[in-house]
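Below, each chain spelled out in residue letters.
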Amino acid sequence: MTRPPITLDISVQRDAEQCCVRLSGRLDAHQVPAFLAAAEPPAPQTVLDLSGVTFIDSSGLAALVRLVRAAQAAGQHLEITHVQDSVRLAMEITGLYGALPVRRAP
Amino acid sequence: MTLTDDAAVTELLEQVADLSDHLVFLQRLIPQALALTDEAQATALVREAAALISTPGAALQVGGVWHGDTPGWLRALERPAAPVVLPRGSVHTGAPYTAAWRLTAVLAVPLEDGWLALWGKREFMAVERNLIGTLAQLLDAALRALRQRREAVQYEMQARDRQRAHAVWRAVTPAQLRPPEGYHLTLRSQPASDFGGDFQFQEGEWLVVGDVSGKGLPAAIITAMFASAFTVAARSSDLLSKLSEALYGHLEQSGKFCTLVALQLRPNGQVRVMNVGHPPVLLRRADGTLKEIRASAPPLGTFPLEHVTEELVVLHPGDALLLYSDGLFEAEDARGVPFGLDRTRRLAAESGPETFIERAVSALTPYTVTDDLTLLVLQRDPAVPSVQLHLTGDLARLPEIGAALRTVLAEEHPALMAAELALTELVVNAVRHGQARHLTLRVHQAGAEVLATLTDDGQAFDPRQVAAGTAGELREHGYGLLIVQRCAREWQYARVNHLNRQTLSLGAPAPLSSSPCP
Amino acid sequence: MPLTYTRTGPGLTLSGRLDAQNARDLREVLTEHAAQPGDLTVNLADVPFIDSSALAALVSALKDLRRSGRTLRITQASAPVRELLSLTMLGRVFGLEDLR
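Chains as they are written, first to last, in the numbering used here: chain U, 98 to 203; chain E, 1200 to 1717; chain A, 1114 to 1213.
Treat each hint with caution, since some may be false.
Here are the computed distance ranges between Cβ atoms for each label pair [said to hold, decoys possible]:
id	chain 1	residue 1	chain 2	residue 2	range
1	U	P138	E	E1611	36 to 44 Å
2	E	A1595	U	S108	15 to 23 Å
3	A	R1180	E	Y1692	25 to 33 Å
4	A	S1191	E	V1560	24 to 32 Å
5	A	E1145	E	E1491	52 to 60 Å
6	A	R1180	E	H1506	46 to 54 Å
Pairs of lysine to aspartate or glutamate, DMTMM-like flavour, derived with a Cα cap of 25 Å [what the hints assert, rightly or not]:
id	chain 1	residue 1	chain 2	residue 2
7	E	K1490	A	E1210
8	A	K1176	E	E1505
9	E	K1490	E	E1404
10	E	K1490	A	E1196
11	A	K1176	E	E1451
To give an idea of the chain U side of the interface with chain E (calculated C-beta under 10 Å), a few residues [said to hold, decoys possible]:
id	residue
12	D106
13	D125
14	P141
15	V144
16	D154
17	A159
18	V162
19	T178
20	I190
21	T191
Just so you know, the hints here were simulated from the structure itself, not pulled from any lab data.
The C-beta atom is built at its ideal place from N, Cα and C for all residues, glycine as well.
Starting from the given sequences, assemble the full structure and let the hints guide the process.
Set out below in structure tokens:
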């Protein structure tokens, strides 16, 4: 059994038009400030790649919602991709899986 | 030799002959008297003596009852204090007792427990009186022995009855119980006499221990009634009402009452505890901390059962419930100082569930236990994998929750993700909103679910009272409680000793019908 | 131990242990005492110990009195007696404040 990661790695590729935030690890209450600091403000085209996220709690979900609403308000486009099972479970429990702009697996 | 001398010699010879007859009679009498089996035989001996001294009437009274054909006039006479001859003419033997008036002397001799009378002669001579006096002494000895033999037989029958009754009582109130699934059970049931008023019954998930007021046979009768009422009541989820319905009237009529604790023990460690007038149940956590579950209603049979507060507890592996009857803390030492409840509590905290009974019994050595004594320990199987985690207010330690869960749950366990999610929410909640700085999480696996207890030292706060947000709404807060609600099959909150305590049964949430992408 | 008691008007003051050995006497004294009109008050300040038989006698007396619209109040009780009444949830029905 591999021990799940206990921190969050954030990599950001950003230019004037696009922003791609790749997350790996835990997106919980403790990690949210670092995540928001890196992901804000959204660009005209933003992709949140959650392929490495093993755990998300309600604070992490709230942070995602905050980014999505900011983008909507600014008329920008934001998409969440590569949602893993545990993240999807949290989204489903809270009814957010359908409400958030999640790109469905092909 | 003169005529008078001749007459005197003749009389003397007659007397010698009589004495010889008497002697023969007495020789025969002794073995007969010793073998006496009833009053009729004694009466026969009195009649035989009467015949020997040539008087037709003889009767015997023992214990206020006359034996033989006793004329009415005799029944009207009082037992004499000492042997006496009532001279002829002094006793009225005519109407209304008999048609004819006959002159007769009456020889009356008292016995220890009655008297005997002989009549029908004009007088009773000294030798005759002596013979009857000796007969009376023999009869006294014989009747005394008869009484003792009868008492012995009766005592033996009673003892046999008691023995049989004891066997029935023990069958109804077993000294052994079967451990409920998932628990270890130790019981010591020690009645004060052959019968006890303490009882313990078991049916399905239910286990009831109780104590009928008083002790001995009267209490045991009520106990037996309780046993049959319990069998029926245990089929109902409303056990106590059913018991009360069946027993209240009987208890009230007999001026008795009954204290009891009813436990419904689920294999996963969830226990419903109801205490009706019984001494406090001690909930002993694996780390030795104690909680008392006190009575929430007066004993059954005192006042109509109105409301019983039901305590829901989760026993994690190693936790135990300790039950005892008042025979324990009311035991007194030589100076009359009772064992006491404080000492009971100390004993429970200091000794583990495995040794509680043993140590209680040895601590009782200098005490006199006068009442029934029942000690029962129910321990949640300590072999079930469980984990305990201490956390501080530092949210950087949140990952430890998942790590702890993975020590008792396989990665593919259906409740793992839900449990980590829900428990993380509760910890964050307690730290952020309750300013909790010391939190303890205890978790064990129970089939497809996870049972968890979280205690924290934050401000008193029952998160169940907060309305969780609606699912599917885009909000920037309020998802945490929604997550807990969706993952918790059961969720209890209590404020105990300045700590918030939540116990949850957590499992994979049912899928929510998610609305399509907008 | 024989039952020791003193009566003053509606008040009955008991002293010494109340247990199975004198529970029957206690019942008799209570019944006798309840024959006078009005409520009955019982002082248990000098009773160091009370067992379930004696408690049953007090409960029976209270229930008898209630049938005629009266009551039995325990005015004072020693600490151990209070404890037992509190444990069994019977303190309040006898008008004793719960000490917990």
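* Mind checking the CB of V162(U) against every CB in chain E and telling me if the closest is under 10 Å? => Hint holds; V162(U) Cβ to chain E Cβ min 5 Å, cut 10 Å.
* Would you settle whether the hint for A159(U) is holds or violated, based on the nearest Cβ-Cβ distance to chain E being less than 10 Å? => Constraint on A159(U) satisfied, holds at 5 Å.
* Does T191(U) meet its interface restraint, that is, does its C-beta lie within less than 10 Å of any C-beta in chain E? -> Holds - the Cβ of T191(U) comes within 10 Å of chain E, reaching about 5 Å at its closest.
* **Given pair status - E1451(E), K1176(A), alpha carbons within 25 Å** => Distance ~9 Å between K1176(A) and E1451(E) Cα, so the pair holds.
* CB of R1180(A) to CB of H1506(E), is that within 46 to 54 Å? -> Since R1180(A) and H1506(E) have Cβ atoms about 23 Å apart, the given range 46 to 54 Å is violated.
* Holds or violated: 52 to 60 Å for the Cβ distance of E1145(A) and E1491(E)? -> Hint violated: Cβ distance 39 Å, outside 52 to 60 Å.
* Hint check: 10 Å Cβ-Cβ cutoff, V144(U) to chain E -> Because about 16 Å separates V144(U) from the closest Cβ in chain E, which is outside the 10 Å limit, the hint is violated.
* Answer holds if the nearest beta-carbon of chain E is closer than 10 Å to that of D125(U); otherwise answer violated. => holds, 5 Å
* Asked: Are the Cα atoms of K1490(E) and E1404(E) separated by 25 Å or less?
  -> holds, 23 Å
* Would the stated hint for P141(U) survive a check requiring a Cβ distance to chain E of less than 10 Å? -> Hint violated; P141(U) Cβ to chain E Cβ min 20 Å, cut 10 Å.
* Asked: Would the pair K1490(E) and E1210(A) pass a check requiring their Cα atoms to be no farther apart than 25 Å?
  -> holds, 23 Å
* Asked: How about D106(U): closest beta carbon in chain E under 10 Å, or not?
  -> violated, 14 Å
The structure is inconsistent with the numbered hints 3, 5, 6, 12, 14, 15, 19, although it conforms to all the rest.
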